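Asker: Under numbering that gives the first Met the number 0, residue 200 is the last one in the sequence shown; the count climbs by one each step, no gaps.
Note that these hints are calculated values from the structure, not bench results. These numbers were taken from a predicted model, which means no experiment stands behind them. Glycine included, every Cβ here is placed at the ideal spot set by N, Cα and C. A portion of the hints provided could be inaccurate.
Once the Cα atoms are required to be at most 25 Å apart in a straight line, the calculated SDA-like pairs of lysine to any residue come out as [to be verified]: (1) K100 <-> N86; (2) K156 <-> L141; (3) K88 <-> E104; (4) K88 <-> N98; (5) K100 <-> H89; (6) K100 <-> R116; (7) K156 <-> M167; (8) K100 <-> V115; (9) K88 <-> K100; (10) K88 <-> S103.
Pairwise CB distance ranges (calculated) [stated by the list, open to error]: (11) S82 <-> E104: 30 to 40 Å; (12) A161 <-> E186: 32 to 42 Å; (13) G153 <-> G113: 57 to 67 Å; (14) E154 <-> S134: 22 to 32 Å; (15) L66 <-> Q93: 35 to 45 Å.
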Amino acid sequence: MENERQKKTDREIEATKESLHTISSVSEPVFSNGELGQLQEILFGQQQRSTHEQMVQLREQLSDQLLSVSREFNSRLDELTQSIAENRKHFDQQVVGLNEKFQSELTDVNKAVGSVRTELQADVLALSTSTREESRRLDTSLAQHQSLLTGELGETKRLLQAEITDSMDSLNNSKLDAQNLAQLLTEVSSRLTGPATNTAK
Numbered sequence: 000m001e002n003e004r005q006k007k008t009d010r011e012i013e014a015t016k017e018s019l020h021t022i023s024s025v026s027e028p029v030f031s032n033g034e035l036g037q038l039q040e041i042l043f044g045q046q047q048r049s050t051h052e053q054m055v056q057l058r059e060q061l062s063d064q065l066l067s068v069s070r071e072f073n074s075r076l077d078e079l080t081q082s083i084a085e086n087r088k089h090f091d092q093q094v095v096g097l098n099e100k101f102q103s104e105l106t107d108v109n110k111a112v113g114s115v116r117t118e119l120q121a122d123v124l125a126l127s128t129s130t131r132e133e134s135r136r137l138d139t140s141l142a143q144h145q146s147l148l149t150g151e152l153g154e155t156k157r158l159l160q161a162e163i164t165d166s167m168d169s170l171n172n173s174k175l176d177a178q179n180l181a182q183l184l185t186e187v188s189s190r191l192t193g194p195a196t197n198t199a200k
């Protein structure tokens with residue numbers, strides 16, 4: 000690539016040189032023939048030759064300056080081209096690095112999300128299992144308490160029925176005793192009143 004840039008620079012320098020040759024050359028002063036020419040030589044010769052030399056020097060300076068500017072321009076252009084290429088290469092490397100970092104971070108995030116999802120699923124399953132076990136335990140406890148309460152209620156009912164029966168029997172016995180006592184008193188009274196009647200007769 001360096002050789003190509005050098006060849007390009009050389010071609011541009013040659014083209015600049017050729018363009019400089021196209022600049023019209025400064026012709027030397029020409030005077031008329033005869034006395035008029037001599038008069039022109041005397042009056043204007045030195046000045047025109049001096050002007051001609053200045054024009055020639057100016058043309059050479061202009062050529063040198065154009066050539067120098069062309070070389071400097073080509074050098075700067077090559078530097079800019081190289082700098083752009085290096086910057087582009089650096090940018091591409093940064094893009095590749097950022098892409099790799101993004102892919103790595105994305106992989107880590109996916110792993111973290113997968114891990115959290117797995118943990119959540121495990122927690123939900125454990126909670127569901129625990130809930131079912133707790134529900135079964137509560138159902139068993141309720142059944143036991145219901146059975147115990149049913150037994151206690153039945154026993155209480157039996158005892159109450161027995162007490163009621165005993166109370167009824169006691170009341171019945173008390174009623175019979177009262178009847179027997181009244182009958183006995185009646186008999187005693189009749190016996191007591193019987194002899195007294197016979198004595199009076």
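Asker: Now tell me if each hint is right for this structure.
Answerer: How the hints compare with the structure:
1. As the CA atoms of K100 and N86 are separated by approximately 20 Å, the hinted pair is consistent with the 25 Å bound.
2. Our distance criterion of 25 Å between C-alpha atoms is met by K156 and L141, whose separation comes to about 22 Å.
3. Restraint check: the Cα-Cα separation between K88 and E104 comes to about 24 Å, which is no more than 25 Å; the hinted pair holds.
4. Annotation: proposed proximity of K88 to N98 holds, straight-line Cα distance about 15 Å (limit 25 Å).
5. For a cut-off of 25 Å, the pair hint linking K100 to H89 stands: about 16 Å separates their Cα positions.
6. Distance restraint check for K100 and R116: the Cα-Cα separation of roughly 24 Å lies within the 25 Å cut-off, and the hinted pair is therefore satisfied.
7. At most 25 Å may separate the alpha-carbon atoms for a hinted pair to count; K156 and M167 meet this at roughly 16 Å.
8. Of the supplied pair hints, the one linking K100 and V115 holds, its CA atoms being roughly 22 Å apart against a limit of 25 Å.
9. Among the hinted pairs, K88 with K100 is consistent with the structure: their alpha-carbon atoms are about 18 Å apart, no more than 25 Å.
10. This hinted pair checks out: K88 and S103 have alpha carbons roughly 22 Å apart, not beyond 25 Å.
11. As the Cβ distance of S82 to E104 is approximately 32 Å, the hint placing it in 30 to 40 Å holds.
12. Between A161 and E186 the CB atoms are about 37 Å apart, so this pair conforms to the stated range of 32 to 42 Å.
13. A hinted range of 57 to 67 Å holds for the C-beta pair G153 and G113, which are about 59 Å apart.
14. A hinted range of 22 to 32 Å holds for the C-beta pair E154 and S134, which are about 30 Å apart.
15. Evaluation of the 35 to 45 Å hint for L66 and Q93 yields a pass: the beta carbon distance comes to about 40 Å.
Going through the hint list in order, the structure satisfies each hint without exception.
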